[in-house]
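Chemist: Here is what each chain is made of, one letter per residue.
Protein chains: 2
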Amino acid sequence: MLKEYKGELLFLVIAMGAYLFMATLNISHNYSYFAVVFGIFGLIVTWKLYEKVDEQPDGNEKMREIAESIHDGAMIFLSREYKILGYFVAGVFILLMIVISSQKGFWIGLWTSVSYVVGASCSMLAGYFGMNAATSANVRTAQAACDGGKAKALNIAFNGGAIMGLSVASLGLVGVGGLFLLFGKSESISVITGFVMGTSSVALFARLGGGIYTKIAGVESDLVGKDEEEISEDDPRNPGVIADNVSDCVGDTADLGADIFESYCGSMIAAIAIGASMSAMKFEYMALPLIVAMVGLIASIIGIRTIDVLEGQDPSAALRNCTFVSAGAMLFVSFFVIKVMGLSSGVFIALAAGCFAGIAIGFVTEYYTAGAPVMKIVEANSTGGATVMITGLAVAMESCAIPVIIITIAIYLGSEFAGLYGVALAAVGMLATVGITMSVNAYGPIADNADGISEMARLGQETREITAGLDAAGNTTAAISKGFAIGSAALTALALFSAFTQAAKIESIDITQHKVVIGVFIGGVIPFFVAAFTMTPVGKGAMDMVNEIRRQFKESPDLMEGTSKPDSAKCIDISTQSALREIIFPGVAIVMPILVGLMLGAEALGAMLMGATLVGVLLAFFMSNGGGAWDNAKKYVEAGNLGGKGSDAYHAKVVGDTVGDPLKNTSGPAMNILIKLMSIVALVLAPIFI
Amino acid sequence: MLKEYKGELLFLVIAMGAYLFMATLNISHNYSYFAVVFGIFGLIVTWKLYEKVDEQPDGNEKMREIAESIHDGAMIFLSREYKILGYFVAGVFILLMIVISSQKGFWIGLWTSVSYVVGASCSMLAGYFGMNAATSANVRTAQAACDGGKAKALNIAFNGGAIMGLSVASLGLVGVGGLFLLFGKSESISVITGFVMGTSSVALFARLGGGIYTKIAGVESDLVGKDEEEISEDDPRNPGVIADNVSDCVGDTADLGADIFESYCGSMIAAIAIGASMSAMKFEYMALPLIVAMVGLIASIIGIRTIDVLEGQDPSAALRNCTFVSAGAMLFVSFFVIKVMGLSSGVFIALAAGCFAGIAIGFVTEYYTAGAPVMKIVEANSTGGATVMITGLAVAMESCAIPVIIITIAIYLGSEFAGLYGVALAAVGMLATVGITMSVNAYGPIADNADGISEMARLGQETREITAGLDAAGNTTAAISKGFAIGSAALTALALFSAFTQAAKIESIDITQHKVVIGVFIGGVIPFFVAAFTMTPVGKGAMDMVNEIRRQFKESPDLMEGTSKPDSAKCIDISTQSALREIIFPGVAIVMPILVGLMLGAEALGAMLMGATLVGVLLAFFMSNGGGAWDNAKKYVEAGNLGGKGSDAYHAKVVGDTVGDPLKNTSGPAMNILIKLMSIVALVLAPIFI
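So the protein sequences, as listed, match chains A and B.
9 is the number of the first residue of the first sequence in my numbering; add one for each residue after it.
9 is the number of the first residue of the second sequence in my numbering; add one for each residue after it.
In isolation and in its complexed conformation, chain A is listed as follows (with noise of 0.2 Å):
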């Protein structure tokens, strides 16, 4: 199955030979140092993809001019949106370089802030790669469900999202391979940090500007279209639909790749910066995370091909399996890695208790947002929308638990066998597969588009259950997704957490004492405050939205006949100014790490990262799995229970649904983004603390 990679395999074995020839010359050499091999072949690999989806029929004139306006709708915003991220990201350089030349000298400034660039423009450039992807990818699955059948369109949706995952995998390889590669053995290894601050702040700009544009777009045109006129969701005759989809695609794909890359390379980041403070096989220890990530990439790698094994089966089934296969493989080869480097079994252990805390979480998620306590919701139903409400809330506040004590599990063991630098390995072995969990992540949103392209374009009954049911698995694999992405910012947090206290010379960070505590309260009131923010924006930028549709709805009459075009452009542009225009603000996540660290001193920061992470977490789970699970019952009474669409049941659904939306899809993720950040911008201005 791999041999249509021969020639790529021939470059990997060239490009290796030649490094341990160098190596032999001058440079004590390292199999970490093939990380850049690596990340190139990953990158390889992910153009070969790439060829071969865009080379699948794309369908008739219809479809392609929907998937165009999709296209557009979505290039469009990422080029705004990346313009910002360009002043932005230009701005922090020039500060960065000027706060640490001050404390550590001009070179050691100069190249955490290039480190910096570099970081954000390798995350941005996997959001590029993927969103084309995957906007290239909807129409041809649909097109594949029309002439192709199930198993063909299964293997183009998941394709087009492995782009995103292997991109994710193989920029993170060769950015964080190549800074290791530079300075690795050097005294200045903490620039790399800043590569980790770089991929922080697209992550930032991503989710809060992507997640705000999605909901704004989606979520208020859903409910004026279903709610109000009872046209489905994927109407072209509701202006709201293009953007809809444009939403789809940057939330699912490009905002949350960005949060997986920011994970996938703070923990790789943290792990080296805890090795680098070991005294007994520093290097060896520094090394691992690199070599982990790359022993995932190929696992990753052979996970993607196994689709074309498992095809056949139902989706979600499939894409399980493909995950399974990727982290067993990648615990397999760790496993004699570990023994070979000499290093310790429990460093083994701290790495498997990450990856199956992983998966772990992602069964919990499924259960809270698909299993028995969605139908808790439904049932709640029979006494109108508040009831919905009501339990959903308490659903979301349960599902919290679980996920957590796995999370506690996963530190237990790592620190237990592994000490601090198990945390944060623990981290990696989460992350190590991030080519397949980002893949099966990016599917989600191409099988939804293509859904939505059949539906407009009117392609049938048989091919429009088939993109239905691979929608289907792509909301049960979103909710994992999410739960995913929590649990490793969580882990990746608190080992950035552990990296700074290291880089802080921080002794111990003791409750007992006041500042401490009152460190501890602002940390926690943090992520109520941003998640508060994130949301209100939505709340302004949907009723504009809303009062728009209304408008056309109103203007022309013909919309509804569907004898005019609504203007969509209209409704993309709403949703992308109030995006763009309100995410300037969390910048303040930036400025309180440095307030109470200069104010307060170096352990209330700590204890501040600690309040923050643990608050953060909870509402993460919180917000994204009480999302999830009001989706679903609203989908459930949906598909034709409780009396289906237009009755009360399904009113009252649309509101827990409306509701959940903006909490699972904006405020939720924006807390995986804010711990890490603020862990980040911590690490990196250690030394101005000390």
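Be a bit skeptical, because a hint or two may be false.
The list cannot tell twin chains apart, which means a pair is met if one copy fits it or any two copies do.
[Unchecked claim] Here are the simulated SDA-like cross-link-like pairs (lysine to any residue), alpha carbons at most 25 Å apart as the crow flies:
{"#": "1", "residue 1": "Lys112", "residue 2": "Pro695"}
{"#": "2", "residue 1": "Lys578", "residue 2": "Glu387"}
{"#": "3", "residue 1": "Lys158", "residue 2": "Glu63"}
{"#": "4", "residue 1": "Lys562", "residue 2": "Gly651"}
{"#": "5", "residue 1": "Lys384", "residue 2": "Phe541"}
In case anyone wonders, no lab produced these hints; they're calculated from the structure.
Given chain A's structure and the hints, the job is docking chain B onto it.
Modeler: Coordinates of chain B only, in the frame set by chain A:
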């Protein structure tokens, strides 16, 4: 104005003289020993007040009949709750004796357990007094509004509340003062912690059972009544209406009272416990909280009497000004007391910081539940129920920030100027004038009931305007009280946490250690879990209730005509049953500290308390303020804005209010109890974790 208390003042003077005489004989005297005397004095004043209220006319037969139904309902609930509570207290008595005896010997074990029972009894007694007074004052307030005018009605309602307020303050002084008298000078001062645990048990049962009862009874009859049959909340044709009136008394009198009583005694005992470990001036430090509480009692009585002067003012302003008078008087006298006792003025700063923090939190709460943010929710109406929910959630989350910052400022000032002791004393400062703050709290349900009675008994437009005005003031004060209750619970929990760290001889709790991190995370999960748990039975019980009310409306069509009487007893029974069935489980909250303490050690337990306090306080503000804001948004529309009752905006509001009700009345308040209870369990059982 104090001349009517000539007899009591004489008693006070004679008792003080007798004490001084005894003191010169053998007991080394200290002003704190007067605590019991002051407490008894307070109880006598309370009794006088009760007589004064009780001798007011109680209206016509219809009014008496309604009042009797409410009184009986309240007493049925209290007696069932206290019965279950009795078994619980007996069980804990035995367990506590076994555990403490095994560690510290039989006598300490016995006295700790006795102290536990005394604490529980004092709290129950205060609740019983308060409920009796409230169900007596409600109908008399309505009658006074009818024939005496607004000022007179305000006076009676407030005096009815003052009975609860003074009962709390006086019984706290008698209980804590009595134990201090017995054990203050001995080595076994730790037995006094049993008292707080007793108050905690009552508060737990009261808040959970009462809260659940409240909302099943209230909200849902509300929902069915208002939303479905378009009849008023206080229409006697709605069979849930008596249960609703009972629930107001239960929720804001007995339950809030038990909560505040626990904070009041908890803050004093934490300060005493920390004082006991001081090296210099130990006895003065231990005595100060009691002396401040005595000053606070007298200041509260002065504040309560001030209503006679201010009764002509707008009710909200009058209530607020009475509170200011008491706080001012308490601080003024305490300043000199601290000087006379020879303690540093830093101690006074801590006390004042707590006092001001309590007032400031009240203002912030008022802003979020009655100010500009409510209008945001009102405006969100225009696009349906979902945006009301989203906007409300955003307001609720934002509203956590400032109160928590205020708490951190109080912690900072307290610790900076008086160390660990300062935090406990800040809590004492917030709670010393509990006599007046609790009076204002308890005024709310009396005014609400009076309004209900005047509507049910058809007392005429003019009377109903007066009672509606009193009720509106009560709604504002209720929101403020909830904020105050959370703030005081937070400070008390932190004070108890400090006392625990001393009792468990903990040197430091270092959050860079993994067991401590795990403790923090487990602690953070508990409030979410308990919140989920306390919401769910509301869902279940609410549905039974709704179905019952629907059944009654369906089976007796006369009900809508008002010609047949609804079966209120059946509704009361449903809510009582389901409330009491569910309150057994939160005992889990007692088990967790023991489990974590034994398995992960005392440091991890301390970390758990910190995590739970942080998350518990945030969730409490979130739920309480959110509920309050939705409530007032509904009231705003109800008052005739945006189309008034029956409009689309109104229906959207009702959804928000219905969701907010269990949040602000059940789950939110449960947080206060939870965080204090866990700290108390840890403190009492500290010996077994060393």
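Chemist: Now tell me, hint by hint, if it's right for this structure.
Modeler: Quick rundown of the hints versus the structure:
For a Cα distance limit of 25 Å, the shortest separation of Lys112 from Pro695 inside one copy, 8 Å, qualifies, whereas the shortest one across copies, 49 Å, does not. In this homomeric assembly, Lys578 and Glu387 come within 25 Å of each other (Cα to Cα) only across copies, at 24 Å, whereas the closest approach inside a single copy is 39 Å. When the C-alpha separation of Lys158 and Glu63 is checked against a cutoff of 25 Å, the pair qualifies only within one copy, where the shortest distance is 18 Å, while the shortest distance between copies is 83 Å. In this homomeric assembly, Lys562 and Gly651 come within 25 Å of each other (Cα to Cα) only across copies, at 22 Å, whereas the closest approach inside a single copy is 29 Å.
In this assembly of identical chains, Lys384 and Phe541 lie within 25 Å of each other by CA distance solely across copies; the values are 14 Å between and 30 Å within a copy.
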